[in-house]
Amino acid sequence: MISDSGPRSHLEDGDLVRYMDRLMDRDEHRLARIHVSGCPACTSRVQGVENGLAALPSLLSALDEPVSVGRRDQALAAVRRARYRGPAATPFLQRPMLQAAAIVALLLTVAFGTPPGRAWVGGAIVALSGDQPGPFARRVLGVLGHEEPPVAVAPAPAAAPPAAKPAERPTLPRPQAQRQGPAPGTSAPVPFDPGSNYVLVQVRSRQRAGGIIFTFRDTEQAVAQVVAGRRSESLEPTPDGLRVRNASSSRADYAITVPTRYRFLRVRIGDEPELRIPISRAQHEGMWNIGLQASSP
Amino acid sequence: MNVTELFNEHYDALFRYLVRLTGDSDLAADAAQEAFVRLVERPPADRHPRAWLFAVATNVVRDSARARTRWFKLLSASPDRAPMGDVQPLPDAAAESAERKKAVRTALDRLSLKERTVLLMREEGFAHHEIAAAVGTTTGSVGTMLARALNKLAAELAPTSESLR
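Here the protein sequences line up with chains B and W, keeping their order. Residues in the first sequence are numbered from 1 upward in steps of one, following the numbering used here. Residues in the second sequence are numbered from 1001 upward in steps of one, following the numbering used here.
Treat the hints as calculated values from the structure; they're not laboratory data. Where a beta carbon is used, it is the ideal one built from N, C-alpha and C, also for glycine. Hints may be right or wrong, so weigh each one.
To be verified - The calculated label-pair distances, taken between Cβ atoms and stated as ranges, are:
1. B:Ala-102 <-> W:Thr-1106: 27 to 35 Å
2. W:Ala-1098 <-> B:Pro-57: 32 to 40 Å
3. B:Glu-12 <-> W:Ala-1098: 32 to 40 Å
4. B:Leu-98 <-> W:Leu-1113: 46 to 54 Å
5. B:Pro-57 <-> W:Arg-1062: 18 to 26 Å
6. B:Ala-102 <-> W:Ala-1155: 35 to 43 Å
7. B:Met-97 <-> W:Arg-1047: 49 to 57 Å
8. B:Pro-40 <-> W:His-1129: 29 to 37 Å
9. W:Thr-1004 <-> B:Pro-87: 27 to 35 Å
10. W:Ala-1094 <-> B:Gly-70: 21 to 29 Å
11. W:Thr-1106 <-> B:Phe-112: 31 to 39 Å
To be verified - To give a feel for the contact side, a few chain W residues facing chain B, derived at Cβ under 10 Å:
12. Glu-1009
13. Phe-1036
14. Leu-1039
15. Ala-1095
16. Ser-1097
17. Lys-1101
18. Arg-1110
19. Leu-1111
20. Leu-1113
21. Lys-1114
22. Leu-1119
23. Val-1142
24. Leu-1146
25. Leu-1153
Claimed, not checked - Not everything, but these chain W residues come out facing chain B in the computed CB check (under 7 Å):
26. Ala-1013
27. Phe-1015
28. Arg-1020
29. Leu-1027
30. Val-1037
31. Arg-1042
32. Val-1060
33. Asp-1063
34. Ala-1065
35. Ala-1154
Based on the sequences and whatever the hints tell you, model everything.
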């Protein structure tokens, strides 16, 4: 490539050779020729490469040795003894079908084999299918571990917002709790699924308005996505963590991936006291009920 | 074209290229023979035989260089086992030729095997795409590697009477 557009730019080393070997296309060659003809530095470099290539034959001939007649005959005899065994094997990565298969396998592994990948695929499916995903989308979401959002949500009593529940170890089995859906103003149990180096936190928000703040110090190490819902929800990265802001009557599911090197995930909902959730790699699965009712819009 | 004709047409050029590449005529002869044997056993379906022969012979040299590196490491660990020969005095003309040869050889050996391959295959008249296939790089980077090899060679030979510029 020419290092800058236009005829005034210098030629890079590789371009000098391509220019001399006339391997550039017509326009590129024309630009290079115009530049070289008006640039003493590049003219000198072209001359240097030309001289170098011209001197090579005599230099290299100093290394030549006569072919040994004995070795030559020996080689010819070996060649005549050799027998056809089949076509030359094409290197693995030069086979187009295998290349494509390898790429697809890699994408599937990343998409379905890692929590961030599953969250991303789930989010993409929900984004494409909206709040009413079809049977296939629901099946894929099931494979990904995402429950489809309930069709309707019972409205919460406006006058008496319930207080946030303290963190507690869940006693209900998770699938049943998720299918039934949480009471208005609360979340479903929050499952923690430790992977090899991270923990996937799935939060199902059922609040009317307000925000949640997930605090961890190194925000770029964590991934968060809305995987269902999408009604004016927003995820705002902050220096301390992540702020989830819901609009009125919002329903949204969030998948948040946090590296297991963090010992605690601090969650604060609206003006409520901060909840401190321990993260343990050894713990295979834990669930917590946290309230999502916010007192401030 | 049958294999004997291919052999007669290309063996000498391949041997010359390999001697320049390796500085070892025995290794060059071995690699050239191996490339032709492989040509018979598993001929290429979609490449010109000449380019294929040079690429395969280069691979043989590269594999052999790895094996020799291990061998030299073993020898350096026990120098008593290294085969040694007597050094014969040379006449003046031969000494001068040997001096020149040594200078060029030293300069070439300072290049990486890839750079040497690019330079020598270019000298044998191969196109950039054929050189790229032999060294396992892109066609576009052959020019860069060639320019770099020429610059290095010029720098290595600059203090001597040999000059590329």
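Against the structure, the hints come out as follows:
no., hint, verdict
1, B:Ala-102 <-> W:Thr-1106: 27 to 35 Å, "violated (43 Å)"
2, W:Ala-1098 <-> B:Pro-57: 32 to 40 Å, "violated (20 Å)"
3, B:Glu-12 <-> W:Ala-1098: 32 to 40 Å, "holds (38 Å)"
4, B:Leu-98 <-> W:Leu-1113: 46 to 54 Å, "violated (28 Å)"
5, B:Pro-57 <-> W:Arg-1062: 18 to 26 Å, "holds (25 Å)"
6, B:Ala-102 <-> W:Ala-1155: 35 to 43 Å, "holds (42 Å)"
7, B:Met-97 <-> W:Arg-1047: 49 to 57 Å, "violated (19 Å)"
8, B:Pro-40 <-> W:His-1129: 29 to 37 Å, "holds (33 Å)"
9, W:Thr-1004 <-> B:Pro-87: 27 to 35 Å, "violated (21 Å)"
10, W:Ala-1094 <-> B:Gly-70: 21 to 29 Å, "holds (23 Å)"
11, W:Thr-1106 <-> B:Phe-112: 31 to 39 Å, "violated (56 Å)"
12, Glu-1009, "violated (12 Å)"
13, Phe-1036, "holds (5 Å)"
14, Leu-1039, "holds (8 Å)"
15, Ala-1095, "violated (13 Å)"
16, Ser-1097, "holds (7 Å)"
17, Lys-1101, "holds (5 Å)"
18, Arg-1110, "violated (14 Å)"
19, Leu-1111, "violated (12 Å)"
20, Leu-1113, "violated (16 Å)"
21, Lys-1114, "violated (14 Å)"
22, Leu-1119, "holds (7 Å)"
23, Val-1142, "holds (8 Å)"
24, Leu-1146, "holds (5 Å)"
25, Leu-1153, "holds (7 Å)"
26, Ala-1013, "violated (10 Å)"
27, Phe-1015, "holds (5 Å)"
28, Arg-1020, "holds (5 Å)"
29, Leu-1027, "violated (11 Å)"
30, Val-1037, "holds (5 Å)"
31, Arg-1042, "holds (4 Å)"
32, Val-1060, "violated (13 Å)"
33, Asp-1063, "violated (15 Å)"
34, Ala-1065, "violated (17 Å)"
35, Ala-1154, "holds (6 Å)"
Hints 1, 2, 4, 7, 9, 11, 12, 15, 18, 19, 20, 21, 26, 29, 32, 33, 34 from the list above are not met by this structure, while the remaining hints are.
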